[in-house]
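Sequence order for the protein chains is A, B, C, D and E. According to the working numbering, the first sequence is numbered sequentially starting from 117. According to the working numbering, the second sequence is numbered sequentially starting from -6. According to the working numbering, the third sequence is numbered sequentially starting from 3. According to the working numbering, the fourth sequence is numbered sequentially starting from 7. According to the working numbering, the fifth sequence is numbered sequentially starting from 2.
Misleading hints may appear alongside valid ones.
Below, simulated DSSO-like cross-link-like pairs (lysine-lysine); rule was C-alpha separation at most 30 Å, straight line [what the hints assert, rightly or not]:
{"no.": "1", "chain 1": "B", "residue 1": "110", "chain 2": "A", "residue 2": "131"}
{"no.": "2", "chain 1": "D", "residue 1": "206", "chain 2": "E", "residue 2": "473"}
{"no.": "3", "chain 1": "B", "residue 1": "1", "chain 2": "E", "residue 2": "31"}
{"no.": "4", "chain 1": "E", "residue 1": "341", "chain 2": "A", "residue 2": "122"}
{"no.": "5", "chain 1": "E", "residue 1": "172", "chain 2": "E", "residue 2": "233"}
{"no.": "6", "chain 1": "E", "residue 1": "595", "chain 2": "B", "residue 2": "1"}
{"no.": "7", "chain 1": "C", "residue 1": "70", "chain 2": "E", "residue 2": "607"}
{"no.": "8", "chain 1": "A", "residue 1": "122", "chain 2": "B", "residue 2": "110"}
{"no.": "9", "chain 1": "D", "residue 1": "213", "chain 2": "E", "residue 2": "341"}
{"no.": "10", "chain 1": "B", "residue 1": "110", "chain 2": "E", "residue 2": "341"}
{"no.": "11", "chain 1": "E", "residue 1": "341", "chain 2": "A", "residue 2": "131"}
{"no.": "12", "chain 1": "E", "residue 1": "341", "chain 2": "D", "residue 2": "140"}
{"no.": "13", "chain 1": "A", "residue 1": "131", "chain 2": "E", "residue 2": "107"}
{"no.": "14", "chain 1": "E", "residue 1": "107", "chain 2": "A", "residue 2": "122"}
{"no.": "15", "chain 1": "C", "residue 1": "300", "chain 2": "E", "residue 2": "229"}
{"no.": "16", "chain 1": "C", "residue 1": "282", "chain 2": "E", "residue 2": "595"}
{"no.": "17", "chain 1": "D", "residue 1": "151", "chain 2": "E", "residue 2": "473"}
{"no.": "18", "chain 1": "A", "residue 1": "131", "chain 2": "E", "residue 2": "595"}
Which residues of chain E face chain D? A partial, calculated answer using Cβ under 8 Å [claimed, not checked]:
{"no.": "19", "residue": "342"}
{"no.": "20", "residue": "348"}
{"no.": "21", "residue": "349"}
{"no.": "22", "residue": "466"}
{"no.": "23", "residue": "467"}
Since the hints were derived computationally from the structure, they do not count as laboratory data. Idealized CB from N, CA, C, for every residue including glycine.
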Amino acid sequence: MIDTIKRISGVNPRKCMKCGKCTASCPAFDRMQFHPHQFVDMVENGRIDELMNSEGIDFCLSCFACVERCPRNVEPAKVIEAVRLAVIRQQGGAHLTPDEIPALLDDELPQQAITAAFRKYRK
Amino acid sequence: MPVNEEFKPTIVAFCCNWCSYAGADLSGTNRLQYPANVKIIRIPCSCRLNPMFILRAFQRGADGVILCGCHPGDCHYTTGNYYARRRMTLLFSMLDFLGIERERTRVEWVSAAEGAKFAATMNEFSATIHKLGPNRRLEDLRCRKD
Amino acid sequence: MQERLKQKAIELLQNGTADRILGWKAGEFFYDLTPAVFTSKEQIEKDFVFNVFAGANLSKYLIAESRKGGKVAAFIKPCDSYSFQQLLKEHRILRDNVYVVGVQCDGMCDVAKLGCEGILGVQEDGESLTVDTLYGKKTVKKADAIADRCATCKSKKIVVFDELIGEQGEETEADRFGEVAKLEAMTPEERFDFWRGELSRCIRCNACRNVCPACSCEKCVFDNANSGVRNKAAADSFEENMFHIIRAFHVTGRCTDCGECSRVCPQNIPLHLLNRKLIKDINELYGPYQAGADMDTKPPLTNFTVDDCEPSIVHERGGQ
Amino acid sequence: MTYSYFPGCTLKTKGKDLDIWGRASAEALGFTLEELPDWQCCGAVYPMARDEIATKLSSVRALMAAGEKGQALVTLCSACHHVIKRVNNDLRTDEAIRDKVARYLKLETPYAGETDVLHYLEVLRDKIGFDKLKEKVVNPLTGRKIGAYYGCMLLRPAQEMGFDDPENPTILEDFIRAIGAEPVIYARRNECCGGYCTIKDKGFATKQVDAIMDNAKACGAEELITACPLCLYNLKENATEGLPVAYFTELLAEALGVKEAAK
Amino acid sequence: MQRVGVFVCWCGSNIAATVDVEKVAEVLAKEPGVVFSTNYQYMCSQAGQEMIQESIRKYNLTGVVICSCSPRMHENTFRKTCEKAGLNPYMVEIANIREQCSWIHKDKDTATEKAIILGRAAIAKVHLNAPLTAGTSPVKKRALVIGGGIAGIQTALDIADAGFDVDIVEKEPTIGGKMTQIDKTFPTLDCAACILTPKMVDAAQNERIHIYSYSEVSSVRGFVGNFKVTIKKKARFVDETKCTGCGLCTEKCPQKKVPNLFNLGLDNRRAIYIPFAQAVPKVATIDADYCTMLKSGKCGVCSKVCTAGAIDYQQKDAFIEQEYGAIVVATGFNPIKLDKYDEFAYSQSPDVVTSLEFERLMNAAGPTGGTLLRPSDGQHPHTIVFVQCVGSRCDDSKGKPYCSKICCMYTAKHAMLCREKYPDTDVYVFYIDVRTPGKNFDEFYRRAVEEYGVHYVKGMVGKVVPENGKLKVQASDLIGNQQLHIDADMVVLAAAIEPDKSARPLATMLTASMDTNDFFTEAHPKLRPVESPTAGIFLSGACQGPKDIPETVAQASAAAAKVIGLLNKDHLICNPCTATPDEMMCNGCSSCEKVCPYGAITYIDKEFRGPNRTTLIRRVAQVNPAVCQGCGACTVACPSGAMDLKGFSNKQIMAEVDAICR
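Please model the complete structure; the sequences and the hints are all you need to start from.
Written as structure tokens, this is what we have:
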């Protein structure tokens, strides 16, 4: 599983020097059980299951602040995405079903948001 | 050369003493691998490389010859590599003109700090020569074998 | 023309300007003019020849002649003058001991191009040549018989002289590199086949080396036990290539493109193409350079600029 | 100059103002946006996983379509730009992805990212020039204090997007200056607005938007502009007490006099 | 035929693990001329060397081949070994079977086969070796120090102390360097100026030291013992010999809006200026970029007020030629530019400063007179956030890959000073690691935490938002597993340091090598840390790598010691591997002369015997072996092959080629 995550993310977690700048930059910090630097560390140390079962992995906003600011070019967002995909692929665990959508919509909501939501929360 | 026998090219690398030979040492110190068929000859400066040495190497069976020297501007003797650069350009061009595969000869600037570049260059060059196969043309140039 | 030269030669001997004259005399055949040194009026009157076959470049002989003591006068055609000046630049000829008579040249002829057999003699007659053969007379246009190297003559200018016979000329616009470009456009395989065809004929007679004004080393590397490439006759095919490659490279930046190498080759190998290729490269990569054109410009191989192209340009510039 | 144009799903529906005024202004500025026929949605989210190929294909089709016409591909929506630019980059640099895509699309010669992807703003900056733009302005927006909101998609990751300095961008500020208004620089202009969470967690989006708005207000901004429909929606809908927000193309059209003419 | 001995070294397991050393010795024993061949664990050990010496005597060896580590490591060792046994040291050849064989290959057969070939090449070469005797060249007993910071000053003082003349070339109007801008020094907290300025004065007053301030090196020729250097004295438009340093002009100059670079642009100075009160030399300089007189020809106030008549608007750059035996590089460092890291809002708020700017803000001679005030509004800051590793320890694409080394300690110092002077301030330090190796360093850092109550937070700042006069700092606290949001008044960035920009062109002039970060490389990272691989060039201070003051001073003195050792010699042993022409073959064509970078080649007309008792005068090349450095450019330029290089002759190299391609 570690290798799968490394492969699909293309991230080498060993490049991380544990400075925590990713976590310092993360806007979704409060909503996540584990934070970007922990993702990287946990992949390196094989704590994948814990990650997959954790709260808020779907909350990453893909804002790439962690990617941009990482001094070591580790790209934590890619790790998070890979873990999220692993959850979806393994468990079919979609976070969103089409039924839920209409309730969430308002008139002005752009299509982009819905497309993005589907992309991000289900397969 | 029988087709089934694995082709092991002979590659001669002329390295200037100050930058590239040290770069080669550094790739050793860092345990960076490159093929064993690359053999290094130490010369004081890239400008010491007489074109005759390259031809001699081909004559004696080399399949590829590469010259490594200090980066232009960084020559230990100030200007040696600039002369080498012109000389090698013209020599390579002439060999190309004679129809010799131009990939058999190469110049690469490798500093004493570029151990990784040295190894990468040798791997790449060796792969190129491997693809080209044994050097025949220089020998065949005169005798029609067909 | 021959008479004017003869007269001048005699005059120079008589007025003490020179005590030897370097000119031409007939060789085995009348169209096979060879360089000769004359010391008396009688010799000159008897043997001195100058005609459309006086292609031989006399400048190389002046290396030795200028060091023999006394003064030598030499007849120098435009292309010879480049070689002469190149040798001056290399400190090979002692200029003070040479009196240079520049000779206007409108191109020399190639006997093979006359298209006649059993040739007994040729008369120059303005724009045409009258060929006297075993089978009668024949008139040939001079332009048709002109030697290849003269057809693409780089310059009619005599770059160094003490006096002139005939008119001073100019550098020409002739395209010397057409043949080289044609080869460049071929695939490497085609080029290889071309050169294999040409060089396989070499018999290692050394004529090219011996005639070449740039090949004037005190001791040639091929005769030098310490050079590592000594060989009298080629021991294997490879050495044959080496000979021409090394020779071409040795004269790089020094070859004036006089074309003597190809003229004397008994096997008609177009050796000058190797030199021209290098001249073309130098012009294109490092800016125009003509060996022997002046005394000051630094030769390309003992010169550089910090932003010269990298050798990889040979791979990158494309073409075949 | 004619460019291939990829509008994207939102610009045809909820984000029409971004599209309409962008095109109209283009005509006024002397370049043409030629909409790609049969374009498909870019997917709105760049598929980061290296083994996600299918989700990249619609971008590749758009890129190839533009490439066939020998045109650069221009986008207006930040998300589309982000997705298409990065997919293009993948095909340019990642041989494995290139080969897989070629197999999926049954291409004889693999597409290797030859098409240039330009954002509309890049066209203004690099092709038209803000100086030229300034000359064409007929209604300079003098005296208006405008904060640029960049969001995430245009800027990051800078190594791939190559759009502007990711931490201190200037392209929108230069744009604001060109149309005669005064740019207001505030640090949160490149912080995430939380738009992707607007469906899931409105409270979170509001927190993000308020921080941005507060920062912009504190620095003196009286209105904001953006290039992203989702950001615009989010900034408008989820702010507790927000500033007016518009697409940059709307202001561009206003300054060029295009908007007036349309009325 | 030489009688060759072959010695194959195991280098413990470094070689023996991948190369079958016994087999190598065995196979090489069969090579022509080899009369003895053996292997041993450590050839460079005392026992190994004795074995070589014994074998030379016992087998009457005339040539020695050692298959071992790189010749760059031990060629000299083995040459000396053999010399002691009566063999000419240049009859030794090294086959590099460690760095270029055992260390790069894994397969034992392959490596063994390669080692044998490398051995063969060395044997082939040694057969053609000739005993060489080194000549000598005189040493110019004067040293040049490039850079007048604390490193350059210390080196110069030490060299002068030993009785040699030294010149310091400093590009700024005053010597002193970065240390002049520093307020206090760690870990003692003594005032930097108090320990530096006496040294500056010492240097100025030392009659063996000459200071070229506001000057640059413009060209370097020559070689160890005999460098010829051109120094450019930039026009400062003030006659140094006349200026008394009264400073009147710097007060009267009407051009007041010139950023004061000494205070890093935090305040302004005039167009004519003396950088600071203790400047050495204390001479005014006109900033040509701002002086109205120089720009438009109108003004001339400074000239009018100068009673010494020192102002000279016509002054031009002057060039001075000087000869030196040794050159010391002490070009120092600079903090990097921070525009790539604007998440910290450095370009957006004046209250975000670099550590060096913070030094000026703390300094009594700084823009605030030593009271810590915010640059934006002159208010006293209550919350200060320090950010470590800004631009250091980065991936190559994001910044400098190295640790800048000094930041942890100076930040501890800053934090401590803040808390001491202003106990009402809250001080946060965000760190990745706190690196404090050094005498009393960690104790110092602990005091900052324990006694002064500085908040050290393991984590990094992600974003700084200037808003309503505050700096909103968003950061991570990795130990507390929380994201911190701090409203700070000032943010201080520990910017990475990099070599001064003047170092790169200087390295080219000196042909001294640099690493990929533009730090000068040392001849050996452990054993020769203050010498450049280029003979006669020495390294002092941060030009070689990040260093703090004590380390810089230590290295500066070490470099001085090396220079003194060199200048103490009357003659240097030359490299005997010089070019040598065969006069019989020389054409006298001047090709070799044109490519010689050292001017070592001249021509003479020489009389030769010709056939039949004739004589012939020919122009032939002569090489001055004391000047020739042995690059070999001439050997290839020579059309006739008359020029050859001792130790790397055509035949030797071709023999190696043959052995390899066999």
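Hint check results:
Taking the CA atoms of residue 110 of chain B and residue 131 of chain A, the gap is about 21 Å. The hint holds against a cut of 30 Å. Taking the CA atoms of residue 206 of chain D and residue 473 of chain E, the gap is about 28 Å. The hint holds against a cut of 30 Å. Note on residue 1 of chain B and residue 31 of chain E: the hinted pairing holds, with a Cα-Cα distance of about 24 Å set against a maximum of 30 Å. The hinted pair formed by residue 341 of chain E and residue 122 of chain A meets the criterion: a straight-line CA distance of about 29 Å does not exceed 30 Å.
For the given pair, residue 172 of chain E sits about 10 Å from residue 233 of chain E by alpha-carbon distance, which is consistent with the 30 Å threshold. Annotation: proposed proximity of residue 595 of chain E to residue 1 of chain B is violated, straight-line Cα distance about 42 Å (limit 30 Å). Proposed proximity of residue 70 of chain C and residue 607 of chain E is supported: the alpha carbons are some 15 Å apart, at most 30 Å. Pair hint residue 122 of chain A plus residue 110 of chain B holds up; C-alpha atoms about 26 Å apart against a cutoff of 30 Å.
The suggested pairing of residue 213 of chain D with residue 341 of chain E holds, with an alpha-carbon distance near 28 Å, which does not exceed 30 Å. Only pairs whose Cα atoms come within 30 Å are accepted, and residue 110 of chain B paired with residue 341 of chain E is accepted, the gap being roughly 28 Å. The suggested pairing of residue 341 of chain E with residue 131 of chain A holds, with an alpha-carbon distance near 21 Å, which does not exceed 30 Å. Between the alpha carbons of residue 341 of chain E and residue 140 of chain D the distance comes to roughly 29 Å, so the proposed pair stays at or under 30 Å and holds.
For the suggested pair residue 131 of chain A and residue 107 of chain E, the alpha carbons sit about 27 Å apart, so the restraint of at most 30 Å is met. A distance of roughly 28 Å separates the Cα atoms of residue 107 of chain E and residue 122 of chain A; the hinted pair therefore holds under the 30 Å criterion. Under the criterion of a C-alpha separation no larger than 30 Å, the hint pairing residue 300 of chain C with residue 229 of chain E is consistent with the structure, at around 25 Å. For the given pair, residue 282 of chain C sits about 23 Å from residue 595 of chain E by alpha-carbon distance, which is consistent with the 30 Å threshold.
With a C-alpha separation of about 23 Å, the suggested pairing of residue 151 of chain D with residue 473 of chain E holds against the 30 Å cut-off. Among the hinted pairs, residue 131 of chain A with residue 595 of chain E is inconsistent with the structure: their alpha-carbon atoms are about 51 Å apart, more than 30 Å. Given the 8 Å rule on beta carbons, the hint for residue 342 of chain E holds: about 7 Å separates it from the nearest Cβ of chain D. For residue 348 of chain E, the suggested interface contact is upheld, since its CB lies about 6 Å from the closest CB of chain D, less than 8 Å.
Proximity of residue 349 of chain E to chain D holds as hinted, the smallest CB-CB distance being about 6 Å (cut-off 8 Å). The interface hint given for residue 466 of chain E holds, since its Cβ lies 4 Å from the closest Cβ of chain D, which is under the 8 Å cut-off. Given hint, residue 467 of chain E at the interface with chain D, holds; its Cβ is 6 Å from that chain's nearest Cβ, closer than 8 Å.
Going down the numbered hints, you'll see the structure goes against 6, 18, while the others check out.
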